[in-house]
Every structure is written in C-alpha cells, then in structure tokens.
Amino acid sequence: GGGADRFALDDLARADTILDFAAGADQIALDSAVFGLPEGALAEGRFVLGNAAGDANDRLIYNAGTGKLFFDPDGSGAQAKVLIANFSAPEPALSATDFVVT
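Take the sequence shown: its letter number 35 is residue 98 in the working numbering, and every next letter is one higher.
Calculated directly from the structure, the hints in this document are not laboratory data.
Built from N, CA and C at the ideal position, the CB exists for glycine as well.
Some clues are possibly wrong.
Ranges of calculated distance between the beta carbons of each label pair, as one might list FRET restraints [to be verified]:
| no. | residue 1 | residue 2 | range |
| --- | --- | --- | --- |
| 1 | Asp83 | Thr160 | 12 to 20 angstroms |
| 2 | Leu112 | Ala143 | 15 to 23 angstroms |
| 3 | Ala88 | Gln142 | 26 to 34 angstroms |
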C-alpha cells in the first residue's frame, strides 16, 4: 500500500509473494528465531545479489532479474538455499538496508 510498509517473513516452509515493495521506503522483517540472525539491522555481509551465496556469511540471496529472495542457512556450505519470497514486477532493487531482524 501507500506509505512505508513492513513485510514480515517468518516461515521457511512457504514463500510469500510481495506485490508492492518500495525499496528504501518499505522494510522486510525477518523473524530472528526462524532465520537464526541477531535482532536489529541486517549486517551488509549477510546479503548478496545473484543466484548463490558467495561465502559462508551470506544468508539472503536476491536475484533482481527474477524477483526471487532466498535464505541460505549456511551460506556457501552444503545446505540448500530456500525460496522465501517472490517480488512482483517491476522487481525492486533490494539491499541489506531494506531488511530488519525482529
């Protein structure tokens, strides 16, 4: 909707569809208990653009071309990434500052 919105992601079993995210204005709230991340602003090193984690610290992987957001529980380790959100077109230009851990 209009104004600043907060979209809560709190389930690894299903991917949410986000229709009207405005990067820089809206926020994505990640449940710390579900994602195993410390509360507060998401550390920049936990977010990466592309298709895969680049190192062991990466947890959120965003493909700006498809609008798919993945969570990877061990970064570049052996565990598979999990689709947690689909953003509708036009796909937003996400960055770590668009996330907060609650």
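Evaluation of the provided hints:
1. Asp83 to Thr160: 12 to 20 angstroms: Holds, since Asp83 and Thr160 (Cβ atoms, about 19 angstroms apart) stay within the stated range.
2. Leu112 to Ala143: 15 to 23 angstroms: Since Leu112 and Ala143 have Cβ atoms about 19 angstroms apart, the given range 15 to 23 angstroms holds.
3. Ala88 to Gln142: 26 to 34 angstroms: 33 angstroms, holds
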